[in-house]
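Please take these sequences and the hints and turn them into a complete structure.
If you're matching positions, the sequence shown starts at 6 in the numbering used here and goes up one per residue.
Some clues are possibly wrong.
As the list claims (entries may be wrong) - With beta-carbon atoms standing in for the labels, derived distance ranges:
#1 Pro102 <-> Ala310: 37 to 45 Å
#2 Leu240 <-> Val113: 35 to 43 Å
#3 Gly196 <-> Pro242: 20 to 28 Å
#4 Asp147 <-> Asp291: 39 to 47 Å
#5 Ala302 <-> Gly143: 52 to 60 Å
#6 Arg233 <-> Glu24: 28 to 36 Å
#7 Gly143 <-> Asp226: 29 to 37 Å
#8 Pro242 <-> Leu336: 41 to 49 Å
#9 Glu24 <-> Leu279: 41 to 49 Å
Stated by the list, open to error - Keeping only pairs whose Cα atoms sit at most 20 Å apart, straight-line, the calculated SDA-like set for lysine to any residue is:
#10 Lys116 <-> Phe160
#11 Lys305 <-> Arg283
#12 Lys254 <-> Pro179
#13 Lys305 <-> Asp287
#14 Lys254 <-> Asp277
#15 Lys305 <-> Ala245
#16 Lys305 <-> Arg247
Rather than coming from a laboratory, the hints here were simulated on the basis of the structure. Ideal Cβ placement from N, Cα and C applies to all residues, glycine included.
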Amino acid sequence: RGFERFELHADADAEAVLEQLAEWSDELGVGDHGDRDDHGDHGDRDDRDDRDDRDDHGDRDDRDDHDDHDDHDDHDDHDDRGRPSFLYLHLNDAHRPYHQRLPWYEPVDDKLLDLAQAYDSEISFVDQALSQLQERLGWDDDTLICVISDHGEGFGERFGGERLPADGFVGHGPSLSWVVNRCVLLLAGPGVPAGRVRGNVSLVDVMPTLLDLAGLPAGDDLDGLSLRPLLGGGLPPPFAQRALFAQRKHRRPVADRFLWSVIQGRWKLIHDELSGERRLYDTEADPLERRDVSNMAPAKVAELAQLHAQHAARSQVEGGRDVQVELTEELLETLRELGYAGDDGQR
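In structure tokens form, the structure reads like this:
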């Protein structure tokens, strides 16, 4: 898979992953290993309602400047800890089924709000685990850290232009609304000034950004842009009027659903391929996407739809191919629990 070491623990929580990573770091000679404090600081929270970098987003990518794969017991004989290393860590804790993590979880009577409380407690649980991992591996000013979520989570907010009832949709299923698209992206490390950037960016920007900040060439075959020019503030070209794209194919036994979306500046278009419905939102005037203005701005609908058509045509020419993967029944069951597979194994 392109890694010196790859491990999959689908049912492990963040604390278990932390322990495993600590063992690997000892084996590989990664980082400075101090004593772990199991009762460390809870750290800063990444709350659901504090997500500004919008569109489609991914997981966690960390860069560490100390790595070595040492096959000898005597580290004095063979120690290359100065070799740069890369750690990709994907944590599923803030995902259904939600656990009620203490001390952060506080029960409430409302069903949806209680689920949201459990979800927020999972975020705090992961935040604490990442803080402990940072301390355990000695990540400091020579380490570039990127924390990113691949999607948001809905708790009865507006999907498809209408508020669902209390027993309605919860999660991140057949929707491209703001609660799913608006996700967190945090960067820390050398070359990253403190501050907050408000602008539309995409998952495809993560790789070129990390490569740029690490001083490595990105190549000319990446769709994304390095976000480094945004870190100093402002929204320079070509970011101001850049079009971003998202899609969601939701397969279910009763009915499939395929949505695509275009975001450009203040405008966002959502299109349902099966029904043909199109909804246009002015995200500056209406950030919660409550008012469909497609009838008042048909030219903007046509313009964004044309941008998507060009993107789709380009993707067919330059895109990849379908890959068949054999999944074990254990992994399929885990994917079903997470909502990523139906009874037939399809997403």
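**Leu240 versus Val113 beta-carbon gap, inside 35 to 43 Å or not** = With Cβ atoms ~39 Å apart, the hint holds.
**Message:** Taking the Cβ atom of Asp147 and the Cβ atom of Asp291, is their distance within the range 39 to 47 Å?
**Reply:** holds (44 Å)
**Request:** Could you tell me whether the CB distance from Pro102 to Ala310 stays inside 37 to 45 Å?
**Result:** With a Cβ separation near 38 Å, Pro102 and Ala310 satisfy 37 to 45 Å, so the hint holds.
**Message:** Just to be sure I understand the hint, the distance between the Cβ atoms of Ala302 and Gly143 should be within 52 to 60 Å; is that true here?
**Reply:** Holds, at about 53 Å.
**Request:** Starting from the hint 41 to 49 Å, judge whether the C-beta atoms of Glu24 and Leu279 obey it.
**Result:** Given about 46 Å between the Cβ atoms, the range holds.
**Message:** Please check whether Gly196 and Pro242 have a Cβ separation lying inside 20 to 28 Å.
**Reply:** holds (21 Å)
**Asked** Going straight from one Cα to the other, do Lys305 and Ala245 come out at no more than 20 Å?
**Response** holds (17 Å)
**Request:** Compare the distance between the alpha carbons of Lys116 and Phe160 with 20 Å, and conclude whether the hinted pair is satisfied.
**Result:** With Cα atoms ~10 Å apart, Lys116 and Phe160 stay inside 20 Å; holds.
**Satisfaction of the hinted span 41 to 49 Å by the C-beta atoms belonging to Pro242 and Leu336** = Roughly 44 Å apart at Cβ, these two residues keep to the hinted range, so it holds.
**Message:** So if I understand the rule, the pair passes when the alpha-carbon distance is 20 Å or less; does Lys305 with Asp287 pass?
**Reply:** holds (11 Å)
**Prompt:** Does the alpha-carbon distance linking Lys254 and Pro179 stay inside the 20 Å limit?
**Reply:** Measuring from Cα to Cα gives roughly 7 Å; hence the hint holds.
**Request:** Mind checking the alpha carbons of Lys305 and Arg247 for me, to see if they're no more than 20 Å apart?
**Result:** With Cα atoms ~15 Å apart, Lys305 and Arg247 stay inside 20 Å; holds.
When each numbered hint is compared with the structure, no violation occurs for any of them.
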